[in-house]
Amino acid sequence: MKHEYMKDKFLEYLGDIGVEDMHDKKIDTFLGLYKDGFGGEPEVIFVSEYVTPDGSREYSSLWFFNEKECVEAKDFLWSDGIDIAPIDGRVDYLRMQKEAYTYENATDKSRLYVRFRSDSGFIGELRASGKNCNYLWRIMTGYLRPNMKRMVSAG
Amino acid sequence: MFEDKPRDLEEYKIWLKQRHDFEISDLHLAHYERVVKEVRRNLSMSQFWSNLGKELNRCESEYYEETQYHLFMPGHSPGERIEPPDWLVKPFDSFLLKTFRKNVLDNKQWPDEPHSGWVLPVNWFSKISDTVRTLFVVKYMDGVQFVSDRIVSLWEGHGARCRVFLEATQEGYYASHIYGSQLLVAPKIGQLGVEEIRVTAEIQVTTQLQEVIRRLLHSYYEQRRAAGPASTKWQWDHKSDEFAANYLGHILHYVEGMIMEIREKQEGYR
Chain B
4 MKHEYMKDKF LEYLGDIGVE DMHDKKIDTF LGLYKDGFGG EPEVIFVSEY
54 VTPDGSREYS SLWFFNEKEC VEAKDFLWSD GIDIAPIDGR VDYLRMQKEA
104 YTYENATDKS RLYVRFRSDS GFIGELRASG KNCNYLWRIM TGYLRPNMKR
154 MVSAG
Chain A
118 MFEDKPRDLE EYKIWLKQRH DFEISDLHLA HYERVVKEVR RNLSMSQFWS
168 NLGKELNRCE SEYYEETQYH LFMPGHSPGE RIEPPDWLVK PFDSFLLKTF
218 RKNVLDNKQW PDEPHSGWVL PVNWFSKISD TVRTLFVVKY MDGVQFVSDR
268 IVSLWEGHGA RCRVFLEATQ EGYYASHIYG SQLLVAPKIG QLGVEEIRVT
318 AEIQVTTQLQ EVIRRLLHSY YEQRRAAGPA STKWQWDHKS DEFAANYLGH
368 ILHYVEGMIM EIREKQEGYR
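Residue numbers (our numbering), protein chains in the order written: chain B, 4 to 158; chain A, 118 to 387.
It is possible that some hints are incorrect.
Said to hold, decoys possible - With a straight-line Cα cutoff of 16 Å, these simulated EDC-like cross-link-like pairs (lysine to aspartate or glutamate) come out:
| # | chain 1 | residue 1 | chain 2 | residue 2 |
| --- | --- | --- | --- | --- |
| 1 | B | Lys112 | B | Glu102 |
| 2 | B | Lys134 | B | Glu61 |
| 3 | A | Lys305 | A | Glu150 |
| 4 | A | Lys244 | A | Glu230 |
| 5 | A | Lys305 | B | Glu70 |
| 6 | B | Lys77 | B | Asp57 |
| 7 | A | Lys244 | A | Glu313 |
| 8 | A | Lys225 | A | Asp121 |
| 9 | B | Lys77 | A | Asp247 |
| 10 | B | Lys10 | B | Glu61 |
| 11 | A | Lys305 | B | Glu7 |
| 12 | A | Lys305 | B | Glu52 |
| 13 | A | Lys154 | B | Asp83 |
| 14 | B | Lys152 | B | Glu70 |
| 15 | A | Lys154 | B | Asp57 |
| 16 | B | Lys38 | B | Glu7 |
| 17 | B | Lys71 | B | Asp91 |
| 18 | B | Lys112 | B | Asp57 |
| 19 | B | Lys134 | B | Glu7 |
| 20 | A | Lys215 | A | Asp247 |
| 21 | B | Lys77 | A | Asp121 |
| 22 | A | Lys350 | A | Asp266 |
| 23 | A | Lys154 | B | Glu61 |
To be clear, the hints were calculated from the coordinates, so they are not data collected in a lab.
Let the hints inform the model, and build the full structure from the sequences given.
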């Protein structure tokens, strides 16, 4: 399938986490929206997902990150809207929860949850299962943690 | 701590935090929208909904054959395809307002919990039944029961647990409400893990005259609900908008009954 905006590294990521081929086109559409509509270029993409008790995987949000901002397409398989929020030096809250996961060492049972807040008021929730936990970990350590606001001491 | 009732949504959110330790945030909004959109999607793509379209056409044909009058608006002739309406989702603000009414404004047990229990984020989907709803409009009063029975039969045939209420309120509201629930799995708010949530969808069936009144007065009703109970009973306040609106609902229902009476007499003459 020909993609207009999808980079090889994004396709590699999607393949690694088992996102079905049929969703590529929708993701490519969002990449195009971000680039053509807002002049944005993601450095990484992330698909937030969770596993139900019967073992099926549900995809919720599509995320883009670069050094300045994050983009979320909620319910991306069914909706067309996006939210954009600044993150460069503006993350003022970060929360992480994990289950059966150690750094870069994911199994099928691994689960990772990250929540963050930008001082613009934007709140983001990212969920990952299995191998996707490694990618979420890298986003947390590469884009969210480094952008936490520094406390300035008086005097 | 609030001893007096919160007077508006902002005070209500503070009360929720102080009394129940729930801070309503964008997380709740996102969770709510995810859940209701999934319910709407599941319903719209379900076999039940697909079969309902065919069932409606059967209803129209049978009703016409029996009465020589059309069941649905506009005057569909037998064979002309009738499509089910779209499902609508209640906006989060309206949903939160409804919890405010149940917990505070209409709570006769205040400051204790209402008879049916507090409505909180941990249980609010099971306590608010119309987050996803749709409306069928029929021409005549007897069409309400006729269509409701067929919808219930079909929905239960597809595995739903249904409850039906023929609503007739003091405020002049007349309609059939059919509730069917579905279980879905959603991520927990603000934390790892998923949970099962039972969400109820509502199908309303009403007459064309009642539907006209609803459209005209819907935004008025929303404002009144947000304001809470009035100091004077509307039945004695002839200058209030409620007086005219509510009695109009009753009058129209009476007129619809008279129309049925005349129609049945005409059928007797045939």
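Hint check results:
1. A C-alpha spacing of about 8 Å is found between B/Lys112 and B/Glu102, which places the hinted pair at or below 16 Å, so the restraint holds.
2. Under the criterion of a C-alpha separation no larger than 16 Å, the hint pairing B/Lys134 with B/Glu61 is consistent with the structure, at around 15 Å.
3. About 13 Å separates the Cα atoms of A/Lys305 and A/Glu150, which keeps this hinted pair within 16 Å; it holds.
4. Restraint check for A/Lys244 and A/Glu230: satisfied, since their Cα atoms lie roughly 14 Å apart, inside the 16 Å limit.
5. Note on A/Lys305 and B/Glu70: the hinted pairing is violated, with a Cα-Cα distance of about 29 Å set against a maximum of 16 Å.
6. Annotation: proposed proximity of B/Lys77 to B/Asp57 is violated, straight-line Cα distance about 23 Å (limit 16 Å).
7. For the given pair, A/Lys244 sits about 15 Å from A/Glu313 by alpha-carbon distance, which is consistent with the 16 Å threshold.
8. Simply put, A/Lys225 and A/Asp121 have alpha-carbon atoms about 13 Å apart, close enough for the 16 Å limit, and the pair holds.
9. For the suggested pair B/Lys77 and A/Asp247, the alpha carbons sit about 23 Å apart, so the restraint of at most 16 Å is broken.
10. In summary, the hint linking B/Lys10 to B/Glu61 is not supported, as the alpha carbons are separated by about 24 Å, beyond the 16 Å threshold.
11. Our distance criterion of 16 Å between C-alpha atoms is broken by A/Lys305 and B/Glu7, whose separation comes to about 36 Å.
12. Annotation: proposed proximity of A/Lys305 to B/Glu52 holds, straight-line Cα distance about 13 Å (limit 16 Å).
13. Distance hint between A/Lys154 and B/Asp83 is fulfilled; the C-alpha atoms sit about 14 Å from each other, no more than 16 Å.
14. A threshold of 16 Å between alpha carbons decides the hint, and for B/Lys152 with B/Glu70 the separation of about 14 Å falls inside it, so the pair holds.
15. Restraint check: the Cα-Cα separation between A/Lys154 and B/Asp57 comes to about 21 Å, which exceeds 16 Å; the hinted pair is violated.
16. A C-alpha spacing of about 11 Å is found between B/Lys38 and B/Glu7, which places the hinted pair at or below 16 Å, so the restraint holds.
17. For a cut-off of 16 Å, the pair hint linking B/Lys71 to B/Asp91 stands: about 5 Å separates their Cα positions.
18. At roughly 13 Å between alpha-carbon atoms, B/Lys112 and B/Asp57 fall within 16 Å of each other, so this suggested pair holds.
19. Taking the CA atoms of B/Lys134 and B/Glu7, the gap is about 27 Å. The hint is violated against a cut of 16 Å.
20. Between A/Lys215 and A/Asp247, the direct Cα distance comes to roughly 10 Å. Compliance with the 16 Å bound is thereby established for this hinted pair.
21. Taking the CA atoms of B/Lys77 and A/Asp121, the gap is about 39 Å. The hint is violated against a cut of 16 Å.
22. With a C-alpha separation of about 36 Å, the suggested pairing of A/Lys350 with A/Asp266 is violated against the 16 Å cut-off.
23. Of the supplied pair hints, the one linking A/Lys154 and B/Glu61 holds, its CA atoms being roughly 14 Å apart against a limit of 16 Å.
The earlier numbered hints that this structure contradicts are 5, 6, 9, 10, 11, 15, 19, 21 and 22.
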